[in-house]
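**Q** For the record, the sequence lines run as chains R and H.
Going by numbering that gives the first Met the number 0, the first sequence opens with residue 0, and the numbers climb by one from there.
Going by numbering that gives the first Met the number 0, the second sequence opens with residue 0, and the numbers climb by one from there.
You can trust all of the hints, since none of them are fake.
Calculated pairs, DSSO-like style, for lysine-lysine (alpha carbon to alpha carbon, straight line, at most 27 Å):
1. R:Lys-260 - H:Lys-129
2. H:Lys-131 - R:Lys-260
3. R:Lys-36 - R:Lys-49
Since the hints were derived computationally from the structure, they do not count as laboratory data.
Take a look at the letters that make up each chain.
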Amino acid sequence: MTHFSRAKVFMYGFVSLWSLFVMLPLLWMVLASFKTKRELFMDPLGLPGKWTFGAFERAWGVGMGGFLLNSAIVTAASVALIVVVSGMAAYVLARSDSRWLRLIYLLIVAGFAVPVQAVLVPLYQMISAAGMLNSLGAIVLPYAAYGVPFTTVLFYAFFLDFPRELEEAARLDGCSRIRTFFSVILPLSGPAVASAAIFQAVFIWNEFVLALLMLNNPSTKTLPVGIIALGGEFTSDWPAIMAGLCIAILPILLIFVLAQKYFVRSLAGLGK
Amino acid sequence: MAALDINNLVKDYGAYRAIKDVSFSVGAGEFVVMVGPSGCGKSTLLRCIAGLESVTSGSIVISGRDITLDEPSDRGVAMVFQNYALYPHMTVRQNMGFALRIAGQPQAVIDAAVTRAARILRIEAQLDKKPKALSGGQKQRVAIGRAITRAPDVFLFDEPLSNLDAALRSQMRVELGRLHAELGATMVYVTHDQTEAMTMASRIVVLNDGIIEQVGPPLDLYNYPVNRFVAGFLGSPRMNFVQAKVSGLTEAGVQLTASGLDGNLSVSVADAPLKVGDLVTVGIRPEAFRDDPTDGWILNGAIAVIESLGRETLLYLDGGPLRAFDSESHEGYFAVHRTRQITARHSDKLRVGIDPDAVYLFDQFDRAIAWPNAHTTNQK
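If we strip away everything but chain H, and leave its shape as in the complex, we get:
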């Protein structure tokens, strides 16, 4: 097992800076997922670690050894590509043993490594087939097997499940979790799918526009996002955001008003230099809306879309004059999540409450200044 350290990494493509002074560490045996929207630099960062892209400045260190300028094959890393990148003219066995063959290993060593990897991934029966005879899931297993035979210090995964269908993706998520536990290897995994990040990671690195927004365990990031980007990125459906104004200051926090919502909302804010008239953003998770509200803000909406998923229901509420911004839907509907089956139809009225203890607050620079009380209590 090996630790990986990224120190002040910068990657320029001509005048465009794709990675902007990024630093983070991956502990030995850790499963770190780098997540972010398309073009945020996560794949570039992974390719820099793999040695497939040169680095403009900064260093990459594996177990104390600076590998920044090393050839990809000398770094002690193995990479699993999104498109599998299996050699079509070789059998599964040859694909998996290719790196060891290039390294001049004896055939017995190659055979042993391939057999072991095939057993771990349960693909012994496919060893003599060509890649074109395999299904997507089997191809991905072979690609992972090829990485395992190399026994690398660090495994790198570049969106390995993106080409699989939903059912297989969820199956492979479990497989990868099992593999990580079984091998105890250090793994860095890139995805744009926050579900993969939340379910598999020991820690998540959220990237945006070439910088790290936040690093931490999945639930920490979900419960305590440092800014609106992280809050919006993690969670599906996205957090609902409403523009509000500070209408008064109280001993514990602030009072907020929002156009389209009646009354004030008192939110506890610790150590935030807010003053009356400041604009803030209120964030409400889809699962945080209350049924049968009596106090706080009350949202009277009409159901615009209903998604019944069996054990849960997603409702998209049209708030009339009140619109959620940066929302899941382009129309500014509010996403409401319920952990039960709901029999409702399009245009049915729904009344939900926004609990002051369940909201996130972001200042005008989109920095988080208040989190739901329940999380704070849990943390403490």
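If we strip away everything but chain R, and leave its shape as in the complex, we get:
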């Protein structure tokens, strides 16, 4: 066996073990959602005695449909806002030689460094003062604000490599800057937009802390917060919680599987 193939076997072995480490809790979650409460505690690692969808029915009964819809609306609105704002900002930043705009770019990058926990209280006060508590807007705006720095950096790297001749051809063809952006640049930025959208969608879909803080009304709750309703102070319906989680991760898992390459590209793009 050559040195190269030994290294390959080691790498594959390591990656397989790591994948198992990540996948096992998910597998446990899926199995647990089919078990009874008794089975869950008596035989936590065994297979369900009887495959039943009862836990799924109980989970759906607490309003999963509404939570799902809220999550979809919040995710779609936030991602749309993030893509449009970051796209336009990154285009201007990538095309300008201004020192001030370079400083603004640095400030945007610095936005990465602000942990959401540090601004929870002022953010809550601002949203409350704006009378937006318990509305979907209460989390759409902060999500968009938190998504803009990453996406701007991603788009910035993409636009730096965007062929300038196309923009110049558009200018000669009579396009204004804004028309050039929407008619030529955005339609050709599919990979960057897809990468940004998927990355942000995964984050927003799973976000818990801000949603917990801003949304108390059951009709506006998103999935991560809504699932909490299945847990009580003294007792929790764990199979139903697990079933709820299964329902929650399904849509985003589907998107992830279908558009995996864009997700990887969004992370790789940061290295530019």
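Position chain H against the provided structure of chain R, taking the given hints into account.
**A** Same frame as chain R, now just chain H:
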């Protein structure tokens, strides 16, 4: 058809002056080629005309209308880019009609303009394809078609054939010549390829380091370069240059000696203030070397490289102690062109003559002071 006037154009990038007070005119329907080495400012000048670069000072006038500060789309110019710059997400038809669509033209007008341009360029069959489905030559045709649909006053070409292979390039040269004749449009064409310049231009503008070295019809520039730069730039292989010294003055001109060459060379020079001891540069075109020389300078060399092109042969001669400077080869070989097939091998000896009537002479400031007699006779 429109005329284009460039008046005292200056373009600065910070402290660097890319275009230095350039002025020239392009007549209506003329095909002017701007040529020069990389970084000479030819593309910058074209981009200034297109409005893609701002101008530091000076003016650009098309048919009497000052367009210096106009937006690119308001100038009445269309540009064909080196990399085609076709919109990949649009079909050929949409690409070609895009400018008219932006201008709010009715669909019927757009369709008519696209169909006409497609017919001229023979790309009717490609109209519904996306650019990625086209070959390089077809892409370039679409790029030209996009310019034609706009019916501009002036066509601008920025090295449009650079990305094509040699065979296609020569085919497109003919196409562009036909197009110019058919449209009768005013065209400004930028290239670093002197063959394109010589074959297509009504007039050539030779640029170097942000200034115009010379403007004129191709053969005028080839036969009567005003300086050593133009003489060296036009012609392939390049002119051979030899350093010489004025050894004597005669009634008609000067006598020259060169280290490594036996004897004197008497060259006719009119009105040049030369004196004995002055250093000059002698320029010899590769085709001007004589076979079987009897007088003048005689170059005894060994063949270092032989390029047989079928109907012609290029020989690179190693002149021993005598070296050509600023030469095609880094080794200072002399380029000799013959319009026939020559059977020779590496290291074969070759004896060629430098005819005094066939040389160019440049003074110490590289200004041309004498041209071959045959050209002078032809001109007169």
